[in-house]
Structures are given as C-alpha cells and as structure tokens.
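Engineer: Required output: the full structure, derived from the provided sequences and hints.
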Amino acid sequence: VLVGNPNSGKSTLFNRLTGLHQQTTNYPGATVEKHVGTATVGKAVLELVDLPGIFSLGAHSLEERIAVDVILGRMSGTNTPSGILAVVDITNLYQSLYLIQQLIELELPMVVALTMSDTADVKGLRVDIDALQARLGGVIVCPVVGTTGHGTNALRQALAELPGSPPPDLPAFWPELDQAVQQISVQLKGFTHRVEIERALIDGFGESEQYMLDRFRESDNAHLVEARRQLFGDEPPLAIEARYRYKWIREVLDEVQQKTPPIYTWIARVNAWVNRPVPGTIGLFAVMAIVFQAVFAWATPMMDAIDTGSKAFGNFLASQVPEGAFASLLSDGVVAGVGSVIVFLPQIVILFLFIILLEDSGYLARAAYLMDRAMRSVGLSGQSIIPMISSFACAVPGIMATRVIPNRRDRIATMLAAPFMTCSARLPIYALLIAAFVPAESIGWLNLQGLVLFGLYLLGIFAGMLTALLLKVTALRGPKPSFALMLPEFRKPNLRTVLMQLVDRIKVFLRRAGTVIFSVAVIVWALAYYPRSGTVELELAEQQTIAEASLVGSALSASLRRLEHQAAADQLAQSWLGRAGQMIEPVFKPLGWDWRISAAVIAGFPAREVVVAVLGTVYAVGDEADEATLAQRLKLATWPDGTAIFTLPMIFGLLIFYAFCLQCAATLAVIQRETNSWRWPVFAWFYMSTIGYLGAFAVFQLGSG
Amino acid sequence: MVLGLVEGAELEYLSSAIGGDPLEFRLFNNAIALRREQAQHFTVSLLSDGG
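Residue numbers (the numbering used here), protein chains in the order written: chain B, -14 to 690; chain C, 20 to 70.
No lab work stands behind these hints: they were computed from the structure. Everything hinted at is true.
Computed from the model, here is a short list of chain B residues facing chain C with C-beta under 10 angstroms:
| hint | residue |
| --- | --- |
| 1 | Ala353 |
| 2 | Asp357 |
| 3 | Ser366 |
| 4 | Gly367 |
| 5 | Leu470 |
Chain B residues, not near chain C, derived (Cβ > 10 angstroms throughout):
| hint | residue |
| --- | --- |
| 6 | Pro151 |
| 7 | Trp283 |
| 8 | Ala622 |
| 9 | Ile630 |
| 10 | Ile676 |
Beta carbons: idealized from backbone N, C-alpha and C, even for Gly.
Structural biologist: Given below as structure tokens:
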C-alpha cells in the first residue's frame, strides 16, 4: 500500500509505478475511491493500493479511517498488505516523519520514497540518506523524482524485495506508552494490534470514540480508562503524543538534515506575491472568474453540438423503426434521456480539469485560506468554498468535494447549502423564460436579461449561505472547529497525473449520473406516453382525412403537422403525467400555474433538466420545436377564460421556484451516500421544496394582488 | 498538533489573509494557516525580529 501525507506526490508516484495498469473502484459502503494498480519488476508482479493522503493514523476523517482499515487489513475485499511504501515529500520531513513513526509501529516491511528530491537543493536542504535509514530502524529510503521518473528503478527493486523482509526496528521515543500498550495487550490476550491499542488510548474520545469502542469489547474499556489516566493525567492525550513524537523528530532532523542557502526561483517569487493579502484575494477572484468563463463560454459550442447530434440521432432512430411505442421509447426516452446527461459533459470536463489543475498546483488550499474569513460569517470554514464553486456546474461533484472538510457538522451544512448554487441544469429553464419574457433592453451598459440571470445566481448564493447559517445555529450547532491548514508550495502540475485523474472522475460521473438520469428519463417517458387513448387517435385520423380532402401543397402539410401536435398534446393530457398534473393543479393554482406547468414540474422532480422538454410537449409544439417557438407558445398560453397564464409575477415565481427547489434525484442520492443516512436528503428535499413553493406563492400573490 | 505545532517548535509569521485573519506561519519548511483565535492558544517567545 502507498501511504503518505496529502500533497506528498503520492499519486504522481503511483501513476509512475503502475502506468496504465490501474483501476478505480469504491471501498464497500463508502464513497472514498480505491485506486489499485499493478507494477512489474522483473518477473514479479506487485499489486499497489493508493490510499487517501493522511497526516496520522488517528482515524478522524472518513478517508483516514479507510486508510487505517486498509493498512491493518480490516477492509473487506482488500488483502492485508504485505508491505508499506511510505511516500514522503523531502521538503516536508518534519510533518511526514510523524506518520512514518506511526507506520513503523505497524511492524510491517516498509520502504520510504523521498519525493521531490530535485527541489531539496532549491529550498536549501541536504538530507543524509544513510543517517535517515539508520534512524528509521533500517527501512530502505529511496530518493525519487515522481515527475521525471528519476530514481524509480531503484525503488521498484526495493519494492520487489519487500514482501517477507524484516520489519523496521521500533524507535524508542516514549517508553511509558510502550509499557501501557504491552500491559493491555496481555490483558486482551493479544487479539488486537499494538497500534490499535495505542489509538484507542489516545483517540478514544469524542467523535472517534464509537469507532474505537466497536473494536473492543465492553469489558476491555475499563483497562483503557485506567491506562489513560496513568499515562496522561488530565492533559489532552493527542497533545502529549504530538509532544513526544515531535521531540524525536527534531532529534532525527538535527542529525540528518543540513540547511544551505536556498536558491530563489521565479516560482518562489510568484509564491511570495500571491501570499500577500490584497493581491492574493484579487488573484483568487480572477481565477474564479476564469473558471466560470470557461465553464459557461467554452462549453457552449460543444454542448450545442452534442444537443443537435443527439436530437438528430433520435430522429434518425425513430425513422428507422416502425412508428409506435418502441420508436417513441427509443427517441423520446432513451436517446433524449442519455442525451440530457451527455450534454453536460463538456461543462463537467472543463470544471474537473480546472479543479484538478488547481488542486495539483496547490492552489486550492490557498483559496480555502483566503476565503476562510468570509465563510466564517456563516459558520463554515474556508474549506467549504471548493464544494460551493463546484456546485455551480453540478451539485453532485460539489457534494462529493465536501470530503475534504474534516468537521462533520461543517460538512453536512456545506452539503445542504451546495444544491442552492445555480447548477447547469437550471440554466435551460432560466434561459427559456428569460428569453421569452424579459425584454432584451439595456440599462446603461447592462443588459437586462443578463442582469436577471445574474440576480438568480445571487439569489442562489444568498439562500445557500443563509441555509448554512441557520443550520449552524440550530441543528448543527457545535464547538467551533479548529482550523489549521497546510499551505503547500505551488508547483507545476504534472500533465500525466492531471489527465489520468480527469479520465477517472469523468468515468465516475458518467456511471453515477448516467444510471440515475437514464432511468428517470425512461420512467418520465412511460408516464407521459401511457395510457394511449383510442379516441384521440381516431379523431386524428378523421381530421387528417378531412384535411387531405380539402387542402393541397404546403397548406396541407402545415395543417397535418398542426393536427399531429394537437393529437400529441391531447394524448399527454390524458396520460398518467397529464392526469397527475390536473389532479395537482389546485395545489399550484395559488402560484398561477395551470395543469400543464404542474405536470412539467412534477416530471422535473427527479431531474430538473427534463422540464423544458416536457413543457415543449405539453404546449403542443412537438419535437422539432426550438426554444424560440416554444417561447412564443408560452406567451400565447391562456386560461380557459382567455387571460394569459404567463404573467410577470407568475414567471418570477416560477424562476424562484426553480432557484430553490431540489429537483434532482442524483443530488439526493449523493447526499444519502455521503451522509450515510436518509435523514439529511429527506430534510433537504422538504426544506428546499417548501421555500421554493412559498417563494413562488409570495411573488405571485404580491405581484398580482 | 498533528501538524507539528508543539513545544519547542520554531515559527515565523509570514502574512495574513485580507482583514488580518487567518494568519500564515512558516513552520520548519512549510506554510500553515491558523485562525487568529487559535493562534492565541499558543505561547510563543520571540527569537528574532523580522529576519
């Protein structure tokens, strides 16, 4: 297994060692990704597992727990490792040795890879490799450069010889702890590993207490409490552990590391500049602006091409098979459903690319640092900013990105705020309604339509922040989390690593979003298609015969098309979806919606992007409708008494409903998976639907009153 | 603490984010960020000015 600090160059080294022979899956019961690859050394084939980056073996965050479980061989589906490859950033020996020391106590064969060994000279460091090997109890230390592959041959050799070789000697740094662990081990008849006993002694409090208790029998707890009292007295155990370990580390460093004057490079100058408060903050806003620009502007041509392509493909398929339920399922259900997922792919790819680049260069930690103060005003920390930004493309990767937040309360608050950010699936309905009903006029140099769109974005941000704040002062109230963040140096991202991560994340996204949205599309299709009414079809045939008898040429074809659309609308009106819309109309009547909008909204609950397509069908413009003609139809839509449905208060109400409502099954599923409970997704759904409804209600009633 | 802020560690104050919080320090070769409130929990003795 590969173990190391975050940002230690672990993934780069993993990619270097395994090349393309790797695969990504999830650990059972968790969404933490599992990277497994094979490396060949001579005739030996080694299986390598890349673990999430950790600072210590104390299992605080989800990723740490998984890493610890894998190392100790407790993870089902993963073999107990036969050795450890510890990855250490040479410029960060101070913090890395903390983890290394804990790893040595695992008594497994171990090799240490010293990464970034090319940058040591630049930073003015000399490390005595032989002395380091001796101080670490005889583990083999290999200096490597992950980006160029320098030194990896020696490392491969060392890895091949690793299984079965003796574990390193334990460094003596805290005899009292050793004694206590020995004693408990005897009392427990040696059924747990010494490191587990150590962690139980030190971390057996607070949030990790239950996790630790699961590992021990109830009766053993008394031994632990007694030993804890003897070892630590009243002081916090973790602080004492840190004091002992770092004392040892400083001794080691004094011996193996010499300082020489650092060489100043351009990267160091850039570093110094972005670290200053004002230029740093301006720089952050510039970076965010570029990311937004890229996600929306660069992706549009690609998205249009995909949209046109999938529509054409759907029509082509429909023309190839006989008309009927199967053709409709293929073109309106399957192709349209899959197309609605693929159409977001360019945005997702661009967003992921930027996030990976920023992460790899070490900028994300800097962003968290710069935004901490602003986020603190709503009770979160700077670490919540990345999930929020991601959610502007799609809340699903945004919610997945909350894993970097170690505090559980902060993490849940961020997850519930993230779906308020205007995701790309909301854009089509915004674009449709704004283009149809907001005049394309300018106020000064500001475009009115753009202004309304911008306002909707601000509304989402505001609602999200308010939600986080409300949660943090009520249900998720807790002690202020500690905020200590490593700020890694900037470095040039490695192209290979970036591309590999990108492909990885796209695969995960397609698999997840693809299955959910695809099944939703098919279900919505079935509800809108069945049951077929015989009378509507008979009537259509009758009307067609009349038209054919009385008209010729283009007048005939226009008339026929109109008749078909009318029939399609009539069919929809009596389909399950149409009936549901009529049934629920009284609920939405106070918002100024007729049954057609109600039906489209119901269809949109599993995936909001289908709303435009459903509106297109209910307003009887059929498949070849582009959005301009749909917009015209909407303008003409009236109540039975002839008054317009789409009045300004009603439209603003509808926009607000869309801004707030959580109409996305994929988001609910990912919240469920990440919190491992149904409580939060159910709460999020009711909460967001309620304020969406009330918002639309208030706007419509006030506006029309 | 796991990051190595323990008795006897040498810190150098580098900078702060806009508004004077959080603070950035240099600890051995690495930069770490702490909130002002937390930084106040540590007792430091001055080794040198600027430097």
